[in-house]
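Let the sequences and hints guide you as you build the complete structure.
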Amino acid sequence: MSYRGWGIRDKIAGAVKSGFKAPARNRETAAIFQRAEDFQQQVQKLKLDQPSGIRLLADTMARQIIDALWEAKGANHLEELPEPDSLHFFSHLVSVIEGFLEEENLFVVPDALSGNRSVNIAETWEAETVLSKRERLIGDFDNVIGRISHMFYEAVLPLTHAHPALLEIHLQSTSEKDLTFTAPLPMVVNELPSLAERILLLVNIPELKDDGTVEKLSRRLEHNLIVASGGMPGDPDTWPRVPKLPTRSPLADNPAALLDAYFAGTVWGKLFDYSVPISIPQSTRFEHHHIVAGSGHGKTQALQHLILHDLEQVAKGSASVVVMDSQGDLIKKISSLQQFAPGGPLSDRLVLIDPSDVEYPVALNLFDVGMERINQYSQLDRERMINGVLELYDFVLGSLLDAQMTQKQSVIFRYITRLMLQIPDATISTFRELLGKEGSKKYQPYIEKLSGSARDFFETEFDSSEFTQTKKQVLRRLWGILENQTFERMFLYPRSKLDLFTEMNSGKVILINTAKDLLKEDGTEFLGRFFIAMIAQAAQERSVIADQNRMPTFVYIDEAADYFDRNIGIILSQARKYKVGMVLAHQFLGQLDSKLQESVFANTSIKFAGGVSSKDARSLAAEMRTDARFIESIDRLEFAAFIRGTTKNAISIQIPVGQLERMTRMTVMQMNLLREQMREQYAVHIDEAMTQSRARPDGSGDDDPDGGDINPNPDPNGPTPSDEPQEW
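Numbering (my numbering), first residue to last: 1 to 728.
Accuracy of the hints is not assured; some may be wrong.
Claimed, not checked - Lysine-lysine pairs mimicking DSS-like chemistry, simulated, CA-CA at most 27 Å apart:
hint, residue 1, residue 2
1, K472, K516
2, K520, K332
3, K437, K472
4, K216, K244
5, K45, K177
6, K332, K516
7, K648, K615
8, K449, K472
9, K133, K244
10, K648, K270
11, K244, K270
12, K648, K177
These are calculated hints, taken from the structure and not from any lab test.
This is the structure:
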């Protein structure tokens with residue numbers, strides 16, 4: 001048998017030679033372990049073997065990066081730059097860099113050389129390769145760390161371009177009057193796929209590869225890229241010839257999914273895991289705010305956050321706030337705040353309109369529009385004000401119709417309103433009587449004081465059959481509302497004790513409970529429309545005062561769909577001109593007809609949406625410069641938000657929870673004192689209200705109808721009651 005070809009002789013010879021070389025190998029291995037020990041001592045000397053040392057290095061690197069970013073921004077001309085650690089983003093950047101240093105184990109002796117376990121020669125030499133790179137890091141420490149810092153600089157620089165507040169928040173602070181929310185950083189970055197692609201390729205910088213400082217990061221990014229491209233990391237045969245980079249990804253329109261696909265498990269994913277402030281300029285808020293949110297999504301919390309910001313401005317004397325709520329819960333939470341107690345920062349600022357205080361109904365008059373003040377304006381301003389009032393009463397009185405007001409119905413209402421303003425101390429009772437049988441005859445003396453087409457209308461058209469059905473319809477609806485005695489008593493007083501023009505321009509917090517549980521649907525709608533019209537009239541009247549003297553006023557209307565009609569576009573357009581910003585909140589778009597939706601969309605520059613149906617998401621998507629999937633994906637207590645002039649498209653913002661609920665409340669004694677103050681200032685006792693009800697059976701009182709347009713010195717308590725009161 002021949003062993004030729006088996007190579008035994010060569011194998012034996014190799015074994016012999018190997019035996020002679022073993023001492024040399026042992027000496028080399030010992031030298032490697034000695035180098036590892038020397039490396040460990042150098043690391044200890046730099047204190048990089050401790051978490052605190054790593055943290056200090058990350059802090060130093062972050063400071064250098066922030067300084068370089070400021071220099072790139074041109075801020076280095078400032079005499080005194082703020083300390084980087086005064087920026088909230090600085091601590092985030094430190095944490096990200098620290099995580100990178102720990103993940104790459106740059107200052108740790110390779111495990112095979114730690115002496116903690118026995119290793120073979122192959123493992124030793126493999127560990128020696130890693131050790132050599134880490135020795136170069138320590139030997140050229142400043143330059144290598146500088147290259148790592150530059151990598152982070154290149155990643156962060158475009159983020160500061162996309163959201164300057166990362167650096168500017170202390171250089172050029174947002175005005176305290178602006179409203180601020182937080183949003184995930186990826187949501188405010190334009191061209192995110194391009195930026196992600198740029199960051200993805202940073203690890204390919206030759207110097208970083210040579211340093212061996214990004215090996216783990218490179219491997220994980222490669223793994224993610226293979227998966228995102230449709231391949232399997234463990235099977236090269238499945239890898240596509242051309243990888244699918246972020247700019248070619250089908251996830252390009254979904255920021256969260258895109259970043260997760262390419263940066264999951266990496267330092268870059270952590271870099272983007274940051275919330276940034278989004279400010280809504282006060283000037284934009286005057287262009288109005290539309291909130292659509294399903295039940296339980298967080299609409300009330302969003303309103304509370306907005307209101308609390310504005311209450312701070314009220315305390316500084318730089319804003320007024322109006323809140324209208326049909327459920328009453330929001331009103332109760334706000335009105336019970338300790339801030340409104342005697343001695344508090346808002347102690348003299350509260351105006352509370354609460355129909356549920358039935359013993360003291362608030363004194364309101366449907367037709368008391370401040371004519372005494374209006375008559376003091378110039379002829380032009382006076383006519384402008386009166387025309388505005390007539391237009392607004394379409395909105396108020398339209399709630400008394402069974403359907404949308406027609407042109408013919410609008411005509412009759414405008415002429416009736418003009419007559420109501422002519423009758424001294426006219427009330428809702430006067431209005432009812434005018435629409436009733438022989439109403440025009442009863443008020444003929446005042447009709448005769450009208451001029452032009454208004455007088456002709458009452459003399460030739462008012463009692464014609466053409467308007468009979470409209471009058472009957474309005475009367476039927478009006479009787480239904482007045483059947484509620486609470487509502488009736490509020491509107492029987494000859495003069496309103498609430499002057500919204502004065503209050504809104506005085507830095508007040510005006511809380512209006514439209515009390516749906518008490519006034520029911522029709523009463524709530526009428527009362528809400530009345531106050532919205534009065535707010536709009538107060539806004540229009542600001543045209544006679546200088547712009548700088550117009551107090552910024554923010555009006556919150558919860559369940560606003562209860563009060564909407566197509567006149568809302570006119571109201572919003574007028575309010576915008578005079579520093580009155582409205583926040584209109586409701587649950588779903590189906591509460592508005594298509595034309596009303598268009599009007600609200602066109603007249604609101606700020607739009608929040610969350611917890612809506614697929615149908616509503618599709619309707620809102622185009623208005624918010626996004627797609628329906630994004631709106632549908634919004635979590636509870638978050639909102640898709642579009643802010644005209646601030647965001648290019650809808651972003652996701654986060655709403656703080658429980659702010660109002662955690663605030664200090666008044667004591668029972670303080671609440672009782674406050675209630676007495678509200679009663680004295682804005683209400684009348686129920687007995688006095690009923691006296692007014694009986695005192696004016698025909699609305700005429702003792703005023704001489706021939707004595708001029710308006711009684712120049714009216715009795716603040718109304719006309720003298722007749723000797724023989726009658727029930728009507």
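Cross-check of the supplied hints:
1. K472 / K516: Holds, at roughly 25 Å.
2. K520 / K332: Holds. K520 to K332 sits at ~19 Å (cutoff 27 Å).
3. K437 / K472: Measuring from Cα to Cα gives roughly 10 Å; hence the hint holds.
4. K216 / K244: Given that 27 Å is the threshold and the Cα spacing comes to 21 Å, the pair holds.
5. K45 / K177: Distance ~51 Å between K45 and K177 Cα, so the pair is violated.
6. K332 / K516: holds, 15 Å
7. K648 / K615: Between K648 and K615 the Cα gap is close to 23 Å, so the pair holds against 27 Å.
8. K449 / K472: Holds, at roughly 26 Å.
9. K133 / K244: Violated: K133 and K244 sit about 32 Å apart, past 27 Å.
10. K648 / K270: holds, 24 Å
11. K244 / K270: holds, 22 Å
12. K648 / K177: Holds - the C-alpha atoms of K177 and K648 are around 22 Å apart, at most 27 Å.
Comparing the model with each numbered hint stated earlier shows that hints 5, 9 do not hold.
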